[in-house]
Structures are given as C-alpha cells and as structure tokens.
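Colleague: Here's the letter readout for the chains.
Protein chains: 2
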Amino acid sequence: MNFEITFLGVSAAMPAFGRNQTSQIIHHHHENYLVDCGEGTQLQLFKFYKKMSKIGHIFISHLHGDHYFGLVALLSSMNMNQRDAPLHLYAPAELAEILWVQNKVSGTFYHYPITFHEIDSTQSKTIYQNDFLTVQTIPLDHSLPCTGFLFQEKNRKKALISEKLIPEFSIADKVALKGGKDVIIGEKLYKNEDFTQEKRSRSYAFCSDTKYNERIVDQIKNVDVLYHEATFLNEKAAEATAKFHSTAEQAAQIAQKANVKKLFLGHYSARYKTLEGFLEESRAVFPNTFLSLEGETVEILDK
Amino acid sequence: MNFEITFLGVSAAMPAFGRNQTSQIIHHHHENYLVDCGEGTQLQLFKFYKKMSKIGHIFISHLHGDHYFGLVALLSSMNMNQRDAPLHLYAPAELAEILWVQNKVSGTFYHYPITFHEIDSTQSKTIYQNDFLTVQTIPLDHSLPCTGFLFQEKNRKKALISEKLIPEFSIADKVALKGGKDVIIGEKLYKNEDFTQEKRSRSYAFCSDTKYNERIVDQIKNVDVLYHEATFLNEKAAEATAKFHSTAEQAAQIAQKANVKKLFLGHYSARYKTLEGFLEESRAVFPNTFLSLEGETVEILDK
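Protein sequence lines correspond, in order, to chains A and B. Per the working numbering, the very first residue in the first sequence carries number 1; after that it's consecutive. Per the working numbering, the very first residue in the second sequence carries number 1; after that it's consecutive.
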C-alpha cells in the first residue's frame, strides 16, 4: 500500500527562483489527495506527470492566495476535460464565494459534482475517512483561519512473519491470516497471532502556514513525515512571528518535541535564492531534516 | 522608438504542451502594456525577463478565466514587491467584483493606487492615450462581452532625409527639423518639407477571443501586425463557430480583407500537440502568417 507525498510548489507568498506556490499531492492506496493549490498547480501536475483526473479530494489550508490561486483554473480544466467523477473540496467557507462569483461572471457550470465541505478552523476534526485512511484538521496559528492536515492510516492488514509460515498454507490461508483470521487445515487450528504481526499505522502531517505553535505537538506526535512551513531564517525570527510564520529552527523545535521521524521544510520566502541555510539551521536542532523540492516524492515505508 | 510585442501565453482555455494561457506584453516608447493575464503570467514574466514593476497598464479582453486567472496573483505580487507606482486596469466591470471578494477574504489592501477603467464592449472607444500612442477597443463577437485592442501611434516625429542634409545643420537644427519646424541659418530659411519626410504611424491589433467577424476589418485596416485568435483548424470549423472561436483560415481571411502586413496566430486549442497545421491553413489564404510562440518578440519597424 503506497503512501507518498509529491511536492508541487514550495514557495511562500510569491513564486521566486523557479519555486511555485504551495501545493502537494498525497498518494495513498489508489487515491490522490491535493493539498493546497497555488497559482500554476495544474501546470505543475502536467510537469510531474500527475493526472488531474485522478484527484478526488482537495484540501485547502487557508485563503491566502498563494494557497488557492490555482484552484479555479484547475476546476475549470477538469470541466473542459469532461470530468464526471465527483470531487470533494475541503476549505474555509469563503472559498465557495470566490469560486461562485467567477463562475457567475463567466457563465461556467461544472459538469461534475463538487461537494464543498466547510472547514471549521477552531478545532481538530476528522473531515475525511475511507477504509484505510483518515484526514484530520490541525488548527494552526496564522493571520487568517488556517488548518494543517493529518493523514493517518487505519485498519491496516497484518503482516505475515515469513520465517514462521509453513508450506501447507495456501494463498487463501495467507490472505485470511493477513485479514486477522485463524486458519484450520484438516483438524488443526493455526492461530493468527502465531504467524502475523501488526503493521504500524503510517502518518503524514502538513502544517502550513503557522507561527511557532506548541499546541500542535500532541496531535502530530510520532508522525512519519512532518511538513512544516519555514518561511524565514533565524535572522528574521521577529518578522516570522509578526507575520505568523515560522523559522527553520522553530520548525525543527516542533519536529523534535513531536518526535517525528522526518521533517520536511517548505514555504520558503522569495527573499532567499538558495536554501542551504534552512537545512543548516533546522539540522542544528533536528538532524533528520530535509528540504521539500518541487517534483520530489517522499515515500513513507512500512519499516 | 521601440514598438514590440512579446507573447507570454498562446494557449486557448487550457494550458497544454507547455503552452500557457493568453498574455502579451506590448512595449512602446518606455511603456509596457500587459494584454490579458492567464494563469501563471507572473511566472512567464520572470521567465522572459520582463519586470512586473514596469507594467503601468493592464488590458483584459474578457472574463473567461484563461484571460484573467493570473491577474489577482500578479496584483498581489506587485503589492508584496512594495510597488507604489499607479496601475491602470481596463476590463469589464465584473472583474472588480472578482478581485474585491478575494481581497476581502484575505484582508488584502493594495499599497499602490489602482484605477479601474470599465470597458464598454458594445462599441469602439479610445480607452487610453499618451503623447505617442492611443489604445482603442475593438468589439469582438464572443460568448461573453469581449474586446480586442488596437495600439496605434500618434504624433510621430518626422524623419530626416539624410541625403538632403547639409553640413551647416547643427544638432539643434536637426531636432527642430524632426519636430516639424523650419530652420534659419544666417538669413537663409531652410523649409522643413525639403529635408524631412513623415514617419508612418505603426499599429498593432490584438483580436482574441472572437468568431469570424468582418465587422472588425475597417478598424484594423492596414495594421502592421494583427494577432488574431485561431483556436481550431478547418476540420473543426463548425465547432469554432458554435464556440464563438475562429479557425486559422478565418483569421487569414480577416488579415487579407484588412490588408494587414503580418498576421500572428494564437490561442491554440489544447487538442493540438503541434502547430504546423495552423500555419499551413492560414498561409494558403494569407502567406505572411506566423505562429505566436511563447517568449518570442515581434518588433514593428519603421520601414
């Protein structure tokens, strides 16, 4: 069961140095989730061979333009591509007004059903789930109502312990064991617990935009991958706080307190041509830091 | 006095095959005019080294998204770039509502003055002029109210006829001659008409989006460069008409009837991967046809 994050845009408010505004594709078990949709997201999808037709759910963190300016164009292109599959949109309520006024003016009517799920940014809620995954909001501390998103696996099948398996097990027996069932061959009972182990539930937390905010630590504790905004370097720490953004070091402090496995930084300010400083300042606090870079995919493995 | 058109986006409704939505920079005598502003226009400006700070006037032909989706992002980036120079925006009235609702939601306040000039798409009007240029609207025939734009020089200085000049003329004398004045040296009068000739008034017509419409021919007669939309090839002539668009051949017919010097096609449908067909079908009617291609600049010369 694949669990991957692909970065489509990693810039803060303004695109700069080839970096586009925020957007990511989260791929989990045949589903593609789009998180944020800055200007040019549909162009980035083309560039990195991600089909817009395969996106079923779009999550928008907040209504600063760099997180949604590409949305109306993407929805419009889906329409022209004869989409008929339903689309679910999770966003602050005012986004509906922004879309509506543009469609009214252009006389656009979507030929596919869009369900708009209004996000309440004041508390964490489960806003989506299927048989394998839940998505919860993470209330953030920004100058507009803003939430991150926690993608967390559930109901994982069990893993077979290969060295304990016996030749008598058929494929059907193994499927049964993975599903948590015991197996009977002849009159002999093979108990599930002797041949399987639990697979851990993998998780990804997207946290942008926010100033340093320890209140999110409990919710993102032990996640496999944390994406945390790092708009500024330490030299601009005061500006970061004043603008409700974080520094790389602050992102690292959150990662450390939450004991996450890997931290990816992003949402770099247009003032920085190169990004090494972000890595340095973050790794000084949390060594397992990486830069999110456009077109790169992070795979979250079982181990 | 330079007069140049740079194509930033040449695609129709959807970006495709690396082609972006409509946008062009018209450069004339130290001024840069932006015509239409599809998604990603600010990225195209970066790419082709055109500074957004140098744009003083933006003209929007109509309110289909592929002609304005990049505008709010561009205005927002101008704001973040500390622009304080005035900006003039010429567009159908509803664009103000589209910008306003987004700024209201994000709490954005522009720190530079924007003057919004509402376009009346029912008749041709001069909507802008300075000492050297006028811009007139060209009413087009599209599924939404839509106008093209005619950029036309005025008050051109006269050109000196070099072979008639005499060594006695000082630089000041030549400037006077260019300005249309006679020159007196000692007691001798040198009449302007003997040493100068009129410079012709150069012109550029932008016509997108429109179905085949002979009513525009009079207004664009003899222009140096006509940009005319060519969304489809002949095989889709019926679809072109039904969607209020033109074929390459129809664009060529308009160019021929208007006796323009050069025709540039654009607004190619996303169904066409390659563009040779457009050139072939147009050149069969109007040989002096060219394809508009992103990043390319057309210079309109005096001769």
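For the record, the hints were derived by calculation from the structure and aren't laboratory data. Among the clues, some could well be false.
Copies of the same chain are indistinguishable here, so a pair counts whether it falls within one copy or spans any two.
What the hints assert, rightly or not - Cut-off 20 Å, straight-line C-alpha distance, at most; resulting in silico cross-link-like pairs (DMTMM-like, lysine to aspartate or glutamate):
id	residue 1	residue 2
1	Lys104	Asp194
2	Lys104	Glu239
3	Lys221	Glu187
4	Lys104	Glu94
5	Lys104	Asp120
6	Lys47	Glu294
7	Lys54	Glu97
8	Lys178	Asp120
9	Lys199	Asp84
Colleague: All the hints need checking, so say for each whether the structure fits it.
Modeller: Taking the hints in turn, this is what the structure says about them:
Taking the closest pair of Cα atoms, Lys104 and Asp194 never come within 20 Å of each other, the shortest separation being 62 Å inside a single copy and 61 Å across copies. When the C-alpha separation of Lys104 and Glu239 is checked against a cutoff of 20 Å, the pair qualifies neither within a copy, at 39 Å, nor between copies, at 24 Å. For a Cα distance limit of 20 Å, the shortest separation of Lys221 from Glu187 qualifies neither inside one copy, at 45 Å, nor across copies, at 95 Å. Taking the shortest alpha-carbon separations for Lys104 and Glu94, both the intra-copy value of 15 Å and the inter-copy value of 10 Å come in at or below 20 Å.
With identical chains, the CA atoms of Lys104 and Asp120 are at most 20 Å apart between copies only, with a shortest distance of 19 Å across copies and 26 Å within one. In this assembly of identical chains, Lys47 and Glu294 lie within 20 Å of each other by CA distance both inside one copy and across copies; the values are 10 Å within and 17 Å between. With identical chains, the CA atoms of Lys54 and Glu97 are never at most 20 Å apart, being 25 Å at best within one copy and 32 Å at best between copies. Proximity of Lys178 and Asp120 under a CA criterion of 20 Å is satisfied in neither setting, with 38 Å inside one chain copy and 69 Å between copies.
In this assembly of identical chains, the alpha carbons of Lys199 and Asp84 never lie at most 20 Å apart, being 36 Å within a copy and 58 Å across copies at closest.
Violated hints, listed in ascending order, are 1, 2, 3, 7, 8 and 9; each of the other numbered hints is respected by the structure.
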